[in-house]
Amino acid sequence: MNPDTHARALALLRRFYGYDSFRPGQAEIIDAVAAGRDAIALMPTGGGKSLCYQMPALMCDGVCVVVSPLIALMDDQVAALLANGIPAAAVHSNRPDDEVREALEQARLGRVKLLYTSPERFVADLPAWSRSLPIRIVAIDEAHCISQWGHDFRPVYTELAGVKAALPGVPVIALTATADRLTRDDIARQLALRDPFSWTGSFDRPNISIEVAPDPGKARRIARVRELVRKYPDDSGIVYCLSRAKAEAMTAALQACGIRAACYHAGMPAAAREESQRAFINGDVSVVCATVAFGMGIDKSNIRWVVHNNMPANIESYYQEIGRAGRDGLPAEAVMFHSVGDVITLRRFIDDSDSSRRGINTEKLARMQAFVDAAVCRRRMLLSYFNEEKVRDCGNCDVCRSAPLRFDGTVAVQKALSAVVRTDCGVGAYMLCDILRGSLRHDLRLRGYDRIRTFGAGADMSMAEWNYYISQMIQLGLLDVAYDDNNRLRPTPYGMRALRGEERVMLAKYTERTAARSAAKTASSASRSDTDSLLARLKAVRRAEAARIKMPPYLIFSDASLADMARRRPHTLDDFREVQGAGEVKTARFGQMFLDAIRDFERGTLL
Numbered sequence: 001m002n003p004d005t006h007a008r009a010l011a012l013l014r015r016f017y018g019y020d021s022f023r024p025g026q027a028e029i030i031d032a033v034a035a036g037r038d039a040i041a042l043m044p045t046g047g048g049k050s051l052c053y054q055m056p057a058l059m060c061d062g063v064c065v066v067v068s069p070l071i072a073l074m075d076d077q078v079a080a081l082l083a084n085g086i087p088a089a090a091v092h093s094n095r096p097d098d099e100v101r102e103a104l105e106q107a108r109l110g111r112v113k114l115l116y117t118s119p120e121r122f123v124a125d126l127p128a129w130s131r132s133l134p135i136r137i138v139a140i141d142e143a144h145c146i147s148q149w150g151h152d153f154r155p156v157y158t159e160l161a162g163v164k165a166a167l168p169g170v171p172v173i174a175l176t177a178t179a180d181r182l183t184r185d186d187i188a189r190q191l192a193l194r195d196p197f198s199w200t201g202s203f204d205r206p207n208i209s210i211e212v213a214p215d216p217g218k219a220r221r222i223a224r225v226r227e228l229v230r231k232y233p234d235d236s237g238i239v240y241c242l243s244r245a246k247a248e249a250m251t252a253a254l255q256a257c258g259i260r261a262a263c264y265h266a267g268m269p270a271a272a273r274e275e276s277q278r279a280f281i282n283g284d285v286s287v288v289c290a291t292v293a294f295g296m297g298i299d300k301s302n303i304r305w306v307v308h309n310n311m312p313a314n315i316e317s318y319y320q321e322i323g324r325a326g327r328d329g330l331p332a333e334a335v336m337f338h339s340v341g342d343v344i345t346l347r348r349f350i351d352d353s354d355s356s357r358r359g360i361n362t363e364k365l366a367r368m369q370a371f372v373d374a375a376v377c378r379r380r381m382l383l384s385y386f387n388e389e390k391v392r393d394c395g396n397c398d399v400c401r402s403a404p405l406r407f408d409g410t411v412a413v414q415k416a417l418s419a420v421v422r423t424d425c426g427v428g429a430y431m432l433c434d435i436l437r438g439s440l441r442h443d444l445r446l447r448g449y450d451r452i453r454t455f456g457a458g459a460d461m462s463m464a465e466w467n468y469y470i471s472q473m474i475q476l477g478l479l480d481v482a483y484d485d486n487n488r489l490r491p492t493p494y495g496m497r498a499l500r501g502e503e504r505v506m507l508a509k510y511t512e513r514t515a516a517r518s519a520a521k522t523a524s525s526a527s528r529s530d531t532d533s534l535l536a537r538l539k540a541v542r543r544a545e546a547a548r549i550k551m552p553p554y555l556i557f558s559d560a561s562l563a564d565m566a567r568r569r570p571h572t573l574d575d576f577r578e579v580q581g582a583g584e585v586k587t588a589r590f591g592q593m594f595l596d597a598i599r600d601f602e603r604g605t606l607l
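Everything in the sequence shown is counted per the numbering used here, starting at 1 for the first residue and increasing by one.
Treat the hints with care, as some may be off.
The calculated lysine to aspartate or glutamate pairs, modelled on EDC-like cross-linking and capped at a C-alpha distance of 20 angstroms, are [unchecked claim]: (1) 415 <-> 434; (2) 218 <-> 248; (3) 415 <-> 275; (4) 164 <-> 185; (5) 509 <-> 578; (6) 415 <-> 274; (7) 550 <-> 248; (8) 164 <-> 211; (9) 539 <-> 443; (10) 539 <-> 234; (11) 550 <-> 275; (12) 550 <-> 234; (13) 164 <-> 227; (14) 539 <-> 450; (15) 539 <-> 503; (16) 164 <-> 120; (17) 415 <-> 460; (18) 415 <-> 450; (19) 231 <-> 211; (20) 218 <-> 434; (21) 231 <-> 530; (22) 539 <-> 284; (23) 539 <-> 460; (24) 231 <-> 398; (25) 164 <-> 186; (26) 509 <-> 211; (27) 509 <-> 398; (28) 539 <-> 502.
Hints are computed from structural coordinates only; laboratory data are not their basis.
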């Protein structure tokens, strides 16, 4: 990086953001964009992409137009910038006309450094804006949306291809957190970027613990969420569901347990969605149960866990969604439950989708299934998908913590295959589980399945175990799912050889995740360290101030900043400025109240 540019950028970083150094890749991207060069930035969620265009915007005389796909994302970014003392505005359909006119006038005068807008509005207004606004940089966020290879393709993004012709000489920076090699190349081609500087950061998020488990049933899924809520009482989590109905059902179940939960999906009225998001951001609810429509771009730093109630459709979506946890770099957890039913539902979605994308989506689903069924380090699989090599196991995923035992599963396989054959291939996965376990459900008996020879032959195993083994049988090619025939299971030639005893089948052994916790390991207020107790006090101060000024708590200070505060224990405003994330404006606005809280805490511990 140019030494003068670097020194200036570092001064702005300390003044507005409260940090003393850049993350890997940020300085190089900032230098390229500030010098007028196009750029592509691929960084993980929480990796600091926004700074890569915000800093050049602060360093130039005009305005940076930021194209963003969601209103919530724009408003969240603008609120964060304003909290840091950086002039920013958003122009979208939810803003009154007079506010839009004022924002554009301030941008015309150079008094707004960052102007956020939607791709639709930008395409429509670009001819006028190119003449009336001093546009010096264009940033296209969630740039994978422009590519048909991307997991979230949006046709309107393709209309951004004309930005280089409309604004010759203005650098364009495309940013995304999830793009494989095909998508990256397609982004540059679609946007007609000229010799772009390209940076691909590490996709590794080692602070996120990864766990994948077969669906153990509704009661135990809810119990797992309750466990996470108890473990992180001052923080937040997201439960992703495959359908609107499942999101609503999970919300109701958690609320019945006394958990502050809200629902979010595209079928809700706009006002209800906004209320759920606002409550989550402000900390009024601790859990949001949502479809994938929720969470993009929300920079809430204290999301400590993400649960996937069902398997996502592709690895890009999964990676992006778990990345919403632990954005501050502190420990976080990602838990996924999966079942054969998820695969069937997702396959149906693909069959009903645009025919031009069916092949792409089918392949991506296959990669997701391989990830779910993996018996190797899950983080290595994720990084490999994004063309990043990791030579050692991570030690922070369920496979690394407990490598699966393999056993000769031929007898279990034969029981399942025999049941399928004896029902004339007329059952799906769930009915097969119930037959093997000897369920007395009415529709099973009505069809006479309680009279076949293998009825109850697997009563010694739970629903979760059979679901796990049947999933493996499908993945191993012993069973095929007839998607065009009500998802009925059919033995393959390989399966028939196994049924006849001609093939030996090794399966990964199901092991039940223990929910027990040693009493000796249970953290109590009495055994908390002084630093933990002070951190809890600082969070309470933040929560009270956030409620008073009606600002999301994490926009005052992130959990990482509060943790640094608790370690440093500053006593003066000069000391306070050394806290990570304590920029000039935040120190002046909030510093004294946190200094008072630290002083009062220390007095209390000395009494």
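Comparing the hints with the structure gives:
no.	hint	in the structure
1	415 <-> 434	holds (13 angstroms)
2	218 <-> 248	holds (13 angstroms)
3	415 <-> 275	violated (51 angstroms)
4	164 <-> 185	holds (17 angstroms)
5	509 <-> 578	violated (51 angstroms)
6	415 <-> 274	violated (50 angstroms)
7	550 <-> 248	violated (27 angstroms)
8	164 <-> 211	violated (44 angstroms)
9	539 <-> 443	violated (54 angstroms)
10	539 <-> 234	holds (8 angstroms)
11	550 <-> 275	holds (14 angstroms)
12	550 <-> 234	holds (18 angstroms)
13	164 <-> 227	violated (51 angstroms)
14	539 <-> 450	violated (58 angstroms)
15	539 <-> 503	violated (60 angstroms)
16	164 <-> 120	holds (17 angstroms)
17	415 <-> 460	holds (12 angstroms)
18	415 <-> 450	holds (15 angstroms)
19	231 <-> 211	holds (16 angstroms)
20	218 <-> 434	holds (16 angstroms)
21	231 <-> 530	holds (19 angstroms)
22	539 <-> 284	holds (14 angstroms)
23	539 <-> 460	violated (49 angstroms)
24	231 <-> 398	holds (18 angstroms)
25	164 <-> 186	holds (16 angstroms)
26	509 <-> 211	holds (16 angstroms)
27	509 <-> 398	holds (14 angstroms)
28	539 <-> 502	violated (63 angstroms)
Hints 3, 5, 6, 7, 8, 9, 13, 14, 15, 23, 28, counting from the list given before, are not met by this structure.
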